[in-house]
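For reference, the chains in residue letters:
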Amino acid sequence: MTTTTQPADAPTLQLMEGAAAIAESAILAGCRFFAGYPMSPFTPLLEHMAKVMPAAGGTCINCESEIEGVNMTLGAGSTGARAATGSCGQGIALMQEAIAEAALNETPMVVFNLARGQQDYFQATRGGGWGDYRTITLAPKDVPEAVEHTQLLFHLSELYRAPTLLYGDPLIAQTRVGVHLRKIDYGPLPPKDWALDGTSSGTGRSRQIWTWAMGKATDPGLGPDLHWQKIAAKFDHIAELEQRHESRYCPDSRVDPEDDSDTVVVAFGSAAKFVEYVVEELRAEGHRIGWFRPITLWPFPSRALAEATRTARRVLVFELNSGQMLDDVRQYAHDRSAIRFIGGVSIHESGLSYGPMLDAPEIRTRILAALPAENRSGRPSASIANPR
Amino acid sequence: MTMSARGTLVIDIDKCKGCELCIAACPPDVLTMSATVNETGYRYPELHDGCTGCTACQLVCPDHVFEVYRFDRSRAKPGT
Amino acid sequence: MTTQNIEIVPTGAPPQRPATKVADASPSLMLGEHSLCPGCGEPVALRILLETLQELDIVQRSIGVVGHGCYGSFVRIMDIDVLQCLHGRAPSCATGIKRMRPDTAVFTMQGDGDMVNEGLQEVIHTAARGENVTAILLNNGVFGDTGGQQTATTVLGQRTKTSIDGRDAEQHGHPIPIADIIARMDGVGYVARGAVGTAGGVLRTKKMIRTAFEAQLAGEGFSLVEILTMCPTGWFVTAPQGPDYLAESMEQVYPLGDLHPRGSAAPHGAGR
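Chains as they are written, first to last, in my numbering: chain R, 69 to 456; chain G, 446 to 525; chain W, 135 to 406.
Derived from the structure by calculation, the hints contain no laboratory data.
The hints are all genuine.
The list that follows gives simulated cross-link-like pairs (lysine to aspartate or glutamate, EDC-like), each with its CA atoms no further than 20 angstroms apart:
#: 1; chain 1: W; residue 1: 155; chain 2: G; residue 2: 512
#: 2; chain 1: W; residue 1: 155; chain 2: G; residue 2: 494
#: 3; chain 1: G; residue 1: 460; chain 2: W; residue 2: 167
#: 4; chain 1: W; residue 1: 155; chain 2: G; residue 2: 457
#: 5; chain 1: W; residue 1: 155; chain 2: G; residue 2: 517
Restraint-style ranges between C-beta atoms, simulated for each label pair:
#: 6; chain 1: R; residue 1: 256; chain 2: G; residue 2: 482; range: 58 to 64 angstroms
#: 7; chain 1: W; residue 1: 290; chain 2: G; residue 2: 451; range: 44 to 50 angstroms
#: 8; chain 1: R; residue 1: 298; chain 2: W; residue 2: 334; range: 47 to 53 angstroms
#: 9; chain 1: W; residue 1: 386; chain 2: G; residue 2: 474; range: 26 to 32 angstroms
#: 10; chain 1: R; residue 1: 301; chain 2: W; residue 2: 382; range: 51 to 57 angstroms
#: 11; chain 1: W; residue 1: 386; chain 2: R; residue 2: 292; range: 38 to 44 angstroms
#: 12; chain 1: W; residue 1: 151; chain 2: G; residue 2: 474; range: 21 to 27 angstroms
#: 13; chain 1: R; residue 1: 161; chain 2: W; residue 2: 315; range: 27 to 33 angstroms
#: 14; chain 1: W; residue 1: 162; chain 2: G; residue 2: 482; range: 26 to 32 angstroms
#: 15; chain 1: R; residue 1: 298; chain 2: G; residue 2: 459; range: 34 to 40 angstroms
#: 16; chain 1: W; residue 1: 207; chain 2: G; residue 2: 459; range: 17 to 23 angstroms
Everything numeric in this text was worked out from a predicted model, so none of it was measured.
For every residue, glycine included, the Cβ atom is placed at its ideal position computed from N, Cα and C.
From just these sequences and the hints, can you work out the full model?
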């Protein structure tokens, strides 16, 4: 399943930096509030929001810290407005309390995490806030997909009344590519009968957004026990419905008759795009190899991964960290014993971007090293690659 | 008995928590605490003759127990 | 009144004689009873706040942003659209609300722990941005909700559970006079400090709240009313002693009155 379908009648593409394209896409989605604090590589998104938001009739605030930015965004979201903030790394860490709060008090908002690399998978998918909550997290592989995910995140956030997060990176933030900016219709949304606008004040039916959900004296709410059970059930529901992934040459792919790879490489985000390239190269050389890319990091595409790895003798996990998504692959792969981690920590000396491991030849070497010795040559025989 | 009073109160004694702030706040000094307790176990204010309807008790009361009335004077001038 | 044998006036029902009700027990915006301690000043502040919204006829465009403290339980009894926000973050949440709904009357309700400890940065920046919101600070100098610990506004010498021998500047530092600080900032429309220990103080404080909302509605920038409230439980005094303790300790450090009247310039504003 892919979410990056471009229309057949190829539209005019605009050459844009990824961060600017995300900003424009957010405004197309109806985002009218943004608050941010500079932090590389998130900064260009803030700069572009500051530039374009006023003309769209919205507000972009230079907040005094990420804590204030995310709480302003929560406030804006509580009125029913489409609101977003963003940062990376430590800045997202500062936002965790409010992300959890928004999940538990059911306030929609979007967080653009233009991260420095892939070391924040746990931060995105596990979160550091308190309580039983999850953060719907989309990890685009490139700028065009980030543009689409931006609008999907606003939709999902409102549909489920929950914060959503885009897990991007320096390549997505800073790469200039041709993008097709358009408003995407994801379908109808429920009425915002919860949004604070003041008109219910004094009517005896005034509204309340509160994590404890105790309601008013004359109109009691569920209270924390039932409310948090309801939230947990909602996230179970989301986990069931919103898993997204993309794969090729795996049993779940249903593209080729030979979707029966004995080696599946799992990767997310920009790294997945490199992996895809290398796997295609190896496939062309006769290896029975496929790739699997989670698009939603939470909910992790658990069923699809189990199916995609059904025939695999090797499940290789490539990510630019010490093994974070690896935990999810271990949970859901068909055969845990088949899993090999081929990623690792690799950071640019600035600390602000990827190191040399994010490179096709390096990934190729790591994949080949994980294959059985007889498969490692550059041109394996067809009989080895495909014994049928 | 209340003929000298210019006002009076309705006191919701069961909402009272017995803080006694009204006692000190009352300018004509016509409130005292009860000898008995209300349903939650607190002593509560009782009104004596001389209330002016000034609302001081109502203003300081944290538990919102006082309704304040001022007697109409127009009765003294029939026909108006 | 010293004798108890003087006849008690019946007060169980409205008077038989023709009379006019001059004060309700509580405004109709109050949906139920609070659960705070005897002698607490916070419910008094709540009552005059709600009365003010009614008197200004802005109830149906009012949104409250409530922080965490004893007063947090008021979200259950105030018939106002409310966002209960994280500790200290009310001014930031109020900013987001007001920017998206500029026609509403937005107020925060925060304690001293909420505003001056956890949320000092929020309130100062919100004031500096000149956000058209009204902050109501209920200052009793203790963390009441957690049982009476020292806050940033605890006055020197005051005993709390975490400064049991009295707040000592050498060990615990000095109290922060937040309203005085904000009164000196550009971006501010109105700042005042009242107290609810006496009937006159309640009336003056109510007028301050009204003025603050008028400043907000006129688009004059950030408004703050600091209200000194009694916390006999946290002060280790009896409920009847609360107002005197407030006057003798807090009011000495936090003088009452208009600190930044409407229309005045900040005395040391960045613009000068």
